[in-house]
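Trainee: The residues making up each chain are set out below.
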Amino acid sequence: MKAVVVENLKYRYPSTERLALDSVSFEVEQGEFIGIIGKNLAGKSTLCEALVGLVPHFYKGAYGGRVVVDGVEVLSSDVSELARHIGIVFQNPFTQVTAAKLTVYEEVAFGLENFGFERSEMVDRIDYVLKLLGLYEYKDRNPFELSGGQMQRLAIASIIAMKPSIIVLDEPTSQLDPLGSEEVFKAVQSLSKEGITIIMVEQKMEKIAQYADKVMLMNEGRVIDFGAPEKVFSRSDLETYGVEPPVFTSIAKRLNIKDNDTGLYPVTLEQMRRLMISEPHRS
Amino acid sequence: MARALSLYVEADTFVQKLDPMVKLLYILIAILIPFVILPFRWVGAVFILLSCVLLLYAKVFPRVLPLLGFSFLILISIVIIQGLFMPGNKTPAVEIFGLTFYKEGLLYALTLCIRVLDVLLAFALLVLTTRPSDLIQSLVKRGLSPRFGYVLSSALQVIPQMMSQVDSIMDAQRSRGLETEGSLWVRLKAFIPLIGPVVMSSLLETRERAMALEVRGFSASGKKTFLYEREPLVLDKILQWALIASLVISLVARFTVL
Amino acid sequence: MNKKSMWSFSFSTPVLVLIPVAVGINYVGKLFAQVLRLPLWLDSIGTVIASMLSGPIVGAISGAINNIIYGLTMDPISFVYALTSAAIGLTVGIMAYRGRINNLWRAVVVGLVVALVAAVVSTPLNVIFWGGQTGNVWGDALYAYLIAHGVPVWLSSFLDELVVDLPDKVATVIIAFLIFVSLPKRLVQMYEGEEALEKLD
Numbered sequence: 001m002k003a004v005v006v007e008n009l010k011y012r013y014p015s016t017e018r019l020a021l022d023s024v025s026f027e028v029e030q031g032e033f034i035g036i037i038g039k040n041l042a043g044k045s046t047l048c049e050a051l052v053g054l055v056p057h058f059y060k061g062a063y064g065g066r067v068v069v070d071g072v073e074v075l076s077s078d079v080s081e082l083a084r085h086i087g088i089v090f091q092n093p094f095t096q097v098t099a100a101k102l103t104v105y106e107e108v109a110f111g112l113e114n115f116g117f118e119r120s121e122m123v124d125r126i127d128y129v130l131k132l133l134g135l136y137e138y139k140d141r142n143p144f145e146l147s148g149g150q151m152q153r154l155a156i157a158s159i160i161a162m163k164p165s166i167i168v169l170d171e172p173t174s175q176l177d178p179l180g181s182e183e184v185f186k187a188v189q190s191l192s193k194e195g196i197t198i199i200m201v202e203q204k205m206e207k208i209a210q211y212a213d214k215v216m217l218m219n220e221g222r223v224i225d226f227g228a229p230e231k232v233f234s235r236s237d238l239e240t241y242g243v244e245p246p247v248f249t250s251i252a253k254r255l256n257i258k259d260n261d262t263g264l265y266p267v268t269l270e271q272m273r274r275l276m277i278s279e280p281h282r283s
Numbered sequence: 001m002a003r004a005l006s007l008y009v010e011a012d013t014f015v016q017k018l019d020p021m022v023k024l025l026y027i028l029i030a031i032l033i034p035f036v037i038l039p040f041r042w043v044g045a046v047f048i049l050l051s052c053v054l055l056l057y058a059k060v061f062p063r064v065l066p067l068l069g070f071s072f073l074i075l076i077s078i079v080i081i082q083g084l085f086m087p088g089n090k091t092p093a094v095e096i097f098g099l100t101f102y103k104e105g106l107l108y109a110l111t112l113c114i115r116v117l118d119v120l121l122a123f124a125l126l127v128l129t130t131r132p133s134d135l136i137q138s139l140v141k142r143g144l145s146p147r148f149g150y151v152l153s154s155a156l157q158v159i160p161q162m163m164s165q166v167d168s169i170m171d172a173q174r175s176r177g178l179e180t181e182g183s184l185w186v187r188l189k190a191f192i193p194l195i196g197p198v199v200m201s202s203l204l205e206t207r208e209r210a211m212a213l214e215v216r217g218f219s220a221s222g223k224k225t226f227l228y229e230r231e232p233l234v235l236d237k238i239l240q241w242a243l244i245a246s247l248v249i250s251l252v253a254r255f256t257v258l
Numbered sequence: 001m002n003k004k005s006m007w008s009f010s011f012s013t014p015v016l017v018l019i020p021v022a023v024g025i026n027y028v029g030k031l032f033a034q035v036l037r038l039p040l041w042l043d044s045i046g047t048v049i050a051s052m053l054s055g056p057i058v059g060a061i062s063g064a065i066n067n068i069i070y071g072l073t074m075d076p077i078s079f080v081y082a083l084t085s086a087a088i089g090l091t092v093g094i095m096a097y098r099g100r101i102n103n104l105w106r107a108v109v110v111g112l113v114v115a116l117v118a119a120v121v122s123t124p125l126n127v128i129f130w131g132g133q134t135g136n137v138w139g140d141a142l143y144a145y146l147i148a149h150g151v152p153v154w155l156s157s158f159l160d161e162l163v164v165d166l167p168d169k170v171a172t173v174i175i176a177f178l179i180f181v182s183l184p185k186r187l188v189q190m191y192e193g194e195e196a197l198e199k200l201d
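Going down the list, the protein sequences come from chains A, B and C.
In this text, residue positions in the first sequence follow the numbering used here: the first is 1, and each later residue adds one.
In this text, residue positions in the second sequence follow the numbering used here: the first is 1, and each later residue adds one.
In this text, residue positions in the third sequence follow the numbering used here: the first is 1, and each later residue adds one.
To be clear, the hints were calculated from the coordinates, so they are not data collected in a lab.
Predicted model, so just to flag it, every value in this text is computed and none were measured.
A hint or two may mislead.
[What the hints assert, rightly or not] Below, in silico cross-link-like pairs of lysine-lysine (DSBU-like), each with a Cα-Cα straight-line distance of 35 Å or less:
1) B/Lys90 <-> A/Lys193
2) A/Lys2 <-> A/Lys60
3) A/Lys163 <-> B/Lys224
4) B/Lys59 <-> A/Lys139
5) A/Lys139 <-> B/Lys189
6) C/Lys30 <-> A/Lys139
7) B/Lys59 <-> A/Lys2
8) A/Lys60 <-> B/Lys223
9) A/Lys163 <-> B/Lys189
10) B/Lys223 <-> C/Lys199
11) B/Lys224 <-> A/Lys186
12) C/Lys199 <-> B/Lys189
13) A/Lys10 <-> C/Lys30
14) C/Lys199 <-> A/Lys60
15) C/Lys30 <-> A/Lys39
16) A/Lys131 <-> B/Lys59
17) A/Lys60 <-> B/Lys237
18) B/Lys103 <-> A/Lys139
[As the list claims (entries may be wrong)] Now the stretches of chain B that chain A is said to cover, found in silico as 3 or more residues with beta-carbon under 8 Å:
19) 42-55
20) 214-221
21) 231-244
Quick reminder that beta carbons are idealized off the backbone N, C-alpha and C, glycines included.
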């Protein structure tokens, strides 16, 4: 079974004219790490919301096409039901705390209480996710007393506790300082190692190049390209979509360091070094 | 940073351990009996005494005084105004600074003081010895919608969170040249630029918080569970029946003896 | 777009998130009024905004919860005045629904009506608890003058409350209105509209 199947998805927010998503189709395999890139209003956040069912169930509006997540059809399900299959982490860590729980430990329990889990099961899962995300030592803190990076990891922990097989992250580090961002990237990496399918919108292209198995380039609600990072970042028209390639790709393009078999540029330092050792470049 | 609002005082007595619902029942009875069923000053005084004993036993009595502070000034002014001006005043009682206080007005003021103290102390017993989160959880267990339980818990967290922004907003707006001192008009004009930012940002955040709750099963159908469960005490039941008995006895007294 | 029924008791998640924020706004308003030493309370701005956004029921609940929380954490007597706060929310919600509060003049009218309603609801509570006083220096001075001149307690108490409420509630509704009109359309829509899902193919 595919983790995600999207077929000809179209969507328009209520009281707007423009399609926020236009004829979007793609598939994601289980365990893959997908990076989504594109400029503002390209439809990245809307796509994320469509995967977890907030589009259309929370917003309403006009909807066409089909999204199937972990075997569940989004349109005929609801957001709560989908939460057991797919989770989402938003930009602002502050708005994602429930604002009703007094400790980190209870905050993680919120989702589990809503689904009626037994107490012993809750305790097992909370202990596990807090340790996985390095938050166990803060378990008795008030969530509002955490740093931005810790709060964002708490948001991830609260989602992971419900054991979704897919997690969507919509620019989870855009409001964090460098230290907090690094904490979150490490956390996401450890989830990926656990076998969880990751779909992440991110502006830091170096990170996408480093972690993603595949990259999706979006513009004006459409998918422009979807494939290996080397393929997407080697496009010569990237700038027209408001995307800067990773710094190593830019350097490689300027120095004309590329893989002779595929004609693609490297996207990480590691790849660049390998290319330079195996075949001396011709410049 | 701000903590949740609460007047709860940690202490290890049976009053703290009691089911919050029993304390709510006590408030109900402390209002019903002396206000409605047996409206005599001495009945109110008995409840005041009882509340004081319980507050002392629960080791929270010193915390009652700040609570009384709010009402204390009004009570004093009630004694003065009713003692001097109540329409039914006939019998002069005392004369202070050439002002005549009347017996009828002073007795009426005493009735009001007893009522206010009775209500205040009964509520103090609840709020000083109960964690708000425990109170909300026991209400939810007794059938309050968990979605409403969320609203109450969240208010306790969101209020201090928003209040904690007040100082930094004051500083920021002053440094941009906003005048916050001076004539009434100047101070009145400063109100909107001060309250605007915190109100706007907190209203804008409601959309994303609502989504974050939704994706954590907030609207899930089916039975919810609780991370922490309170062990029921034998004492809960005993006191509950004792309170109900006192209500019945006072009703009987009302319609037979009197 | 169809508006939801004014008396709907179905609370969407955004509405449930709005109520604590409305109460928080009440608190912040009260705090700023104190810091600026204004002779007004300004402690129901959030209740009024909630009513404008989501109608009378949500406004009334915001008002009541405001006093329940205040009673639990500051002053237990506040519980009793939950009735007044709820009435304020109800009044604004109904008036906003009947005719949009779309200019400053309408806001002033709503403020006057709210003051009247608040005084009517508070007066019996003031009489039961405080023999008719409000605890406000100016109002109570008027009250003392009136009963000393043979005006009945109920009327004196009502006027005591009204002189305090008139400027306060008019200012409150004006401030709430100014904030309400500067909210983004998409947010307002989330609270007032009941949209239907449309098919696209």
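Trainee: Now tell me if each hint is right for this structure.
Mentor: To see whether the hints hold, each was checked on the structure:
1. B/Lys90 <-> A/Lys193: violated, 88 Å
2. A/Lys2 <-> A/Lys60: The given pair, whose Cα atoms are some 26 Å apart, holds under the 35 Å limit.
3. A/Lys163 <-> B/Lys224: holds, 18 Å
4. B/Lys59 <-> A/Lys139: holds, 29 Å
5. A/Lys139 <-> B/Lys189: violated, 44 Å
6. C/Lys30 <-> A/Lys139: holds, 34 Å
7. B/Lys59 <-> A/Lys2: violated, 62 Å
8. A/Lys60 <-> B/Lys223: Holds, at roughly 27 Å.
9. A/Lys163 <-> B/Lys189: Given that 35 Å is the threshold and the Cα spacing comes to 52 Å, the pair is violated.
10. B/Lys223 <-> C/Lys199: holds, 33 Å
11. B/Lys224 <-> A/Lys186: OK: B/Lys224 and A/Lys186 at ~33 Å, within 35 Å.
12. C/Lys199 <-> B/Lys189: Answer violated: C/Lys199 to B/Lys189 is near 49 Å, above 35 Å.
13. A/Lys10 <-> C/Lys30: violated, 47 Å
14. C/Lys199 <-> A/Lys60: holds, 10 Å
15. C/Lys30 <-> A/Lys39: Violated. C/Lys30 to A/Lys39 sits at ~43 Å, over the 35 Å cutoff.
16. A/Lys131 <-> B/Lys59: violated, 39 Å
17. A/Lys60 <-> B/Lys237: At roughly 49 Å apart (the allowed maximum being 35 Å), B/Lys237 and A/Lys60 break the hint.
18. B/Lys103 <-> A/Lys139: violated, 61 Å
19. 42-55: Coverage by chain A is violated here, the residue count being 0 at a Cβ distance below 8 Å.
20. 214-221: n = 8 at 8 Å, threshold three: holds.
21. 231-244: violated (count 0)
Of the numbered hints listed earlier, those contradicted by the structure are 1, 5, 7, 9, 12, 13, 15, 16, 17, 18, 19, 21.
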